[in-house]
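Starting from the structure of chain A, add chains B, C and D where the hints point.
Chains as they are written, first to last, in the working numbering: chain A, 1026 to 1368; chain B, 1026 to 1368; chain C, 1026 to 1368; chain D, 1026 to 1368.
Honestly, I wouldn't trust all of these hints.
As the list claims (entries may be wrong) - Derived pair list, reagent style EDC-like, types lysine to aspartate or glutamate, alpha-carbon separation capped at 16 Å: (1) C:LYS1228 to D:GLU1302; (2) C:LYS1106 to C:ASP1087; (3) D:LYS1228 to C:GLU1302.
Simulated from the structure, these hints should not be mistaken for laboratory data.
There are 4 protein chains.
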Amino acid sequence: MIRASIMGATGYAGVELVRLLTAHPEVRLSRLSSVSFEGKALSEVYPALRGICDTVLVGEEDVTEETDVLFCSLPAGHAEKMARRCVDKGVLFIDLGADFRLDDEADYIEWYGGAYQDKELHAVQVYGLPELFGERIPGAKIIGNPGCYPTSVALGLAPALREGLAGTQGIVIDSKSGVTGAGRGLTQTTHFPDCNEAFSPYKIACHRHTPEIEQSLGRLSGKEVRVTFVPHLLPLNRGIVSTIYAPWAGAPLEEIHARYWAFYQGKTFVRVLPLGEAANLKNVRCSNYCDISLHLDRRAGKLIIVSAIDNMVKGAAGQAIQNMNLALGLPETAGLMMVPPAI
Amino acid sequence: MIRASIMGATGYAGVELVRLLTAHPEVRLSRLSSVSFEGKALSEVYPALRGICDTVLVGEEDVTEETDVLFCSLPAGHAEKMARRCVDKGVLFIDLGADFRLDDEADYIEWYGGAYQDKELHAVQVYGLPELFGERIPGAKIIGNPGCYPTSVALGLAPALREGLAGTQGIVIDSKSGVTGAGRGLTQTTHFPDCNEAFSPYKIACHRHTPEIEQSLGRLSGKEVRVTFVPHLLPLNRGIVSTIYAPWAGAPLEEIHARYWAFYQGKTFVRVLPLGEAANLKNVRCSNYCDISLHLDRRAGKLIIVSAIDNMVKGAAGQAIQNMNLALGLPETAGLMMVPPAI
Amino acid sequence: MIRASIMGATGYAGVELVRLLTAHPEVRLSRLSSVSFEGKALSEVYPALRGICDTVLVGEEDVTEETDVLFCSLPAGHAEKMARRCVDKGVLFIDLGADFRLDDEADYIEWYGGAYQDKELHAVQVYGLPELFGERIPGAKIIGNPGCYPTSVALGLAPALREGLAGTQGIVIDSKSGVTGAGRGLTQTTHFPDCNEAFSPYKIACHRHTPEIEQSLGRLSGKEVRVTFVPHLLPLNRGIVSTIYAPWAGAPLEEIHARYWAFYQGKTFVRVLPLGEAANLKNVRCSNYCDISLHLDRRAGKLIIVSAIDNMVKGAAGQAIQNMNLALGLPETAGLMMVPPAI
Amino acid sequence: MIRASIMGATGYAGVELVRLLTAHPEVRLSRLSSVSFEGKALSEVYPALRGICDTVLVGEEDVTEETDVLFCSLPAGHAEKMARRCVDKGVLFIDLGADFRLDDEADYIEWYGGAYQDKELHAVQVYGLPELFGERIPGAKIIGNPGCYPTSVALGLAPALREGLAGTQGIVIDSKSGVTGAGRGLTQTTHFPDCNEAFSPYKIACHRHTPEIEQSLGRLSGKEVRVTFVPHLLPLNRGIVSTIYAPWAGAPLEEIHARYWAFYQGKTFVRVLPLGEAANLKNVRCSNYCDISLHLDRRAGKLIIVSAIDNMVKGAAGQAIQNMNLALGLPETAGLMMVPPAI
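Okay, chain A solo, but in the shape it has when bound (with noise of 0.2 Å):
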C-alpha cells in the first residue's frame, strides 16, 4: 500500500482528497497535518468524515513521515521548502497551489509577486494535466496540479488548438464557479446571505489563473495566445462551467465533434457530449469526469466550446489522485471511477 500523506488537510482540497483516498484501493491514509486544528481529530472539524477519518492532525513538522506521497495544498510562495524536503526524502511531491504550475518564472513574479527560491525544483517540475501533457508525470517527482479553471479551459479547447479547428486570437473565457473554490476561509462575499440569490464576476481580466490558461493554450496551438478571462460566482457548491469564445476556423460542427471524440478516445476521463447537448456541472459533481459540449455560432463566426468539471475533483483533489496513480505506475483510474450522482 502506498502511504499518502496531507498537508492542509483541513482545506477544502484537503478534505477531498480524504474522502477519496479513503475509498483508494492502493492507498491508506498516513499524516493528515493542519496549522489551525493540530491535535483535533478531522472528524472534530468535517463531522461528515466521523467513524470514516477520525485521523488526529498533526502539525508540518511530521507530515512526510512514513509517507510515500504527499499532497500539499498551501498558499502561493510557501511550497518550495515542502518540496525541497520531499525532494530529499524520495517522497512524490505533488502541489495542489500555484507554486509549480508556470514554467516561465516572470509569469510567476508578475503574478504571484515574489521569485522562485529554489530553482532546481522548477527544473523538475511536471505540469500534471494527464489527458493533455501526460508524458512526464510518470516518474516525475515534482508535479505542479493545475488550477481548477486552467483544468477546464485547457481541456476544452485542447483538440481545437492542436487540429487548428479554432483560432488563437481574441478567446474569450466566461467562467462560472461553486463557492468551494473561495476555499474554507470566511468572507463576506461567502457569507450565505450575500452569496444566496447572488451572482457577479470576480477578479475580471486579472485573476491569476491567466498566465496558466495561457501556458497551456500556448503549448496547445504552438503559439503565443492571449486570452480574456472573467470568473464569476455561483451560488452553489461545487462545480465549474467554462464557455469558450474562440474564431471558427471553418470546419463543419460534426467534423469537429468528430475530432474531439477522436483526440479524447481512451480518456476516461473527458467525455465529449453529443451535438445538441450542453455541457451542465450538475452531471460531474463528485466525479473526476470532464463534460465537454461543442457549439458553432455560425453567424458571427465562434466555435463556442462549454466545459464542466467539479472543481473539488478534477479541478484539485481527483486530479491530483490521477496524477499519482501515472507517477508511481498505478492504473490511471484506480479510485477514481466515482458515479456522479444523477440528482
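Then chains B, C and D, alone, in the frame of chain A:
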C-alpha cells in the same frame, strides 16, 4: 386614476405587474385575465397576495372592459388580436411578449416562425426602452416591451456604441438568468432537484432574443451588428447578469467611465458603478434598477461591461410600467421606486 | 416629518430599517451609526442602496442628534445607556435587541447573564407586539421590540390560549429560520458551502428566546407556561416558520378557525389562512405579514399551528416601525404595506 | 456475480440504485425498466451516467430476465403482480414502494385505499430495517424496504423505546425532507421558483408514512403508539432531518447517550454523535449513514432526538442494497461504504 388590466395575470410577469401596480399611486387594477384559472381569485393561485389582490380572474373577452391600459403577456404570435381591439377602443396596449419588438418583419419570420398579419399595427409600434429610445413613447398606442436579456445588453452597451468607445465586430454576450425567466410552466429543467446545484447554458447562439439585441445595437451604433449571445440558467429566482465583451477602442477606462456617467445622467434607473466594483444581480432584485460596471482587459484589448437587472422588473413588469408612465404623461418613476433589499 | 435614526445601521436589522423607512411617507432618516463602518457611506457597505441611501455613517455619540425616534440594534447588555440618553432627551427609544423585552429581571439574569442596571427604564418598558399587547404602546417611551421567533409563536398561539382552545402543558415549538436571522457576522456555520444543502437544529432547548416566548404565552393564558423550543437553520435568506404542537382542547377545527378569524379581525398584518392551506414563509417575504394556518391531529389530540413571518420585517424592522407608528400616533400601517413578491 | 434488475429505473430511487450498484463489487446490473423511457438509454435520461450506464431501458415484461434480485419502485398498489412473478421464479423481490411494509392489512386499507389481493405474499413479507428488525432478512423472498421518514424515526427512537428511556405517549415528530423525496414528477410545488426560498409543512398529520412509523414504534416499545407526524419540504436536494420530541423518563442524558452507543455498537451505518453536537443532514448526504444526536429539555421534560439520513440512500436505495446483501448472504456493508462529501 388610470385603470390597468392585465392579460395573462397568473404568469410570472403578470403577477409581478400586480405587485407593482398595487402600489402605484395613480393606477387601480381593473381586469385580470387568465386562461388556466378563470373564475378563481388571483390570491388562490398566489397566496402571497391574500388580502392584497383577491380579484377574480376573468376570461380574454372581458379583459379590456373599464380599462385605460392593457398589459398583455401571451406567447409569441397571439398579441395582434388584442392589440387591434385595444387600438380600436383607445386603450393603450403594452405587449410584454415579442410580437411588437422587431421592426423588420423578416427577423420576426426567421426567429419566431410566423409573419405579421395586421401590418398596420406594426407601423405604429414603439420599442419601449425609455433610457435609450424614449422619444416616441409619449403618446404611443402600442408599445413592445423589451425582452429581459436585450434590456440588460442594450443598456450595458449603449454609451460605448453611441460614442465609439467599443467596436461592433465580434461582440460576445454571456448572459445568466434566474429561473423566473423560464416562466411558470413546469419543465424537467426547472424541476427543483434538476435545477438546484446545476448550471448550464441553453439555446446557445440560437436564442430568440438575438435579433432584438442586434436591432438595438444597430440603432445605437448606426451599423449592422452581429453578436454572439449565449444565455445560461442560474439556480436562483430573480435577476440577470450579462457579461459583455467588446473590442476596446483605446480610450482610458476612466474616460469610458466618465462618458457612461454623463450618458446616464438623469436616468434614475441606471446606476453606473464606481470603477473597481462589479455589478451583482443581488443589488437590483425586486427593483427597477440596472447596475452597470466597466472593466478593461488591456492585455487582450477587450472592454468588459457587466450589466445586472431584475428580469421580472426592469426586464419585464417594471419597464412596462415605466413605459405606461411615459406614454400617459405620468412621472417616469411613479410606482417604481422600490428599494432593492440589501439582503 | 418624523426624524428617525438608527444605531447599528449596518447590521441586517438596521439596513432593513433603512429600506423600509426610505419609503415611509411620514419619516425621514436622520442619523445612521455604525461601529465598524463609521465615516463610510451606507451604500458602500450595501451597494443595493447606491443612490438611495448614501448617508455617511456616524459614531454612537452623534446618533441621537436631530432625532425623534431612535431604533437601536446592539448586542444584549448595551442598550440601557442609549435608552437613558433618549429618555432624557425626549427621544422615543425602540430596542431591537433583548434588553427591554423581559419583565422579570430574574429571567434576564438567567438567560442573558447580567442584571438590569438602570431599573427605572425597565419600569416603563413596553413590549411591542401590537396585535396582542398593543394597549400600552401609544405614548410609550421605551419599546422592547419582540424577538423574531417569539413574534411568530405568540401570534400563532394567541387565540388558542386566550380562548382555551388548547392546553398549556407540553407545548412543542419546532421553528425554522432563514440565515439572515444569524446576522451579518461571519461564522463557519453560515459560510456558504457549509450552510448550503445543509439543515440542522441549533441551541436545542436552550435558545434565549425561550423565556420571552413563555412570558407571552403566560400573559395570553393567564398561567405559567413551560415550552419546548427548538430552532433550526434553513438554507435560505429570509423567513421563519414555527410549527407549534399544543394539546387539543376538543373544539372542532372549524370552530377554532372561526375564533382565529374573529380574534384577528381588523389586524391588517395577520392573515389566518383558509382551512386546508399551510403557511409558507415564501408568501410573507419582504412584508410585514404573519400567515397562520390551523391543523388538527385528531388521532393524537394535537392542535397544530403553523406561523410564518419574515424574520427581518415582522420579526424585526417592520414590527419596530409598526411600534413607532403606534407610539407616535401615526396610522399603524404607514410605510408597511409592502406586497410580498409572489415569486 | 449477482444479477440485479430495477423496475422503475428512471425514478429517483431507481437511478440512485444504478449509481450504487454500479460500484457494488458483487453485483452486475442486468435489466432496467421504465414505462416512460423504454427504448432509450438510461444515460439519455440522466446524462450524469453517460459512459457509466448506457443500458437501454426495457419494458416491464422483460425486467425479470437474467435476474437474481429485482428492485421494484412502483406507485402503491402495483407491486403485488411483480412480487408474485419474482417469487414464482425464485427471484428476490425488494419493494421500494409501500405495498409490503404494513403487516396489518387494515392499516393499508385505511391509508392507501386498497386491500391486499395476493395475501400469500404478505404472509412472507419482511420489513427490511436491518439495524432494528434484521433477523428475518437473511433468506427472505419479499422485502418491504422502509419509507424514508419511518427509517429516520425508527432509528432515532429505537434505543429509547426498547429500553424505556422515553414514554410513548404524545410523541411529536417534526420531519424535514429535501425535494428528491417528492420524486421526479413535475409539480408546481417543486417548480424551482416556487420551491426555492420557500419552506412549509405538507400533509400535516395525514402523511401515509404515519402507520408505518407507528408500526415500528409499536414493535420497539411493545405498546400501541400514536404519534403526531408532520413533514416539511426543505429547499435542498437530499436529506431528511427528523426532530423527535418524546416524554423524558428521567435518566440522565449521559446515561441515555451511553445506552444509545451500546445499542448501536457494531451497526456500521448508525453514528450516535457526541453530546453537544446536533445531527445535520449535510454530513450524511450520498451515504448510507444515519446520524443521531441526543438532547434533553429538562425544564419541560422532553427527550429530543435528532435523526439525519440521506432520503435517497439510507431512506431508499442504500437500505435496499443493505437488505439485498443480508438476504443473499453478502457482507452487510458491501457496496455501501460511500464517504459523504464534507462539503
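Taking each numbered hint in turn, which are not upheld by the structure, reported in ascending numerical order? Every hint satisfied by this model.
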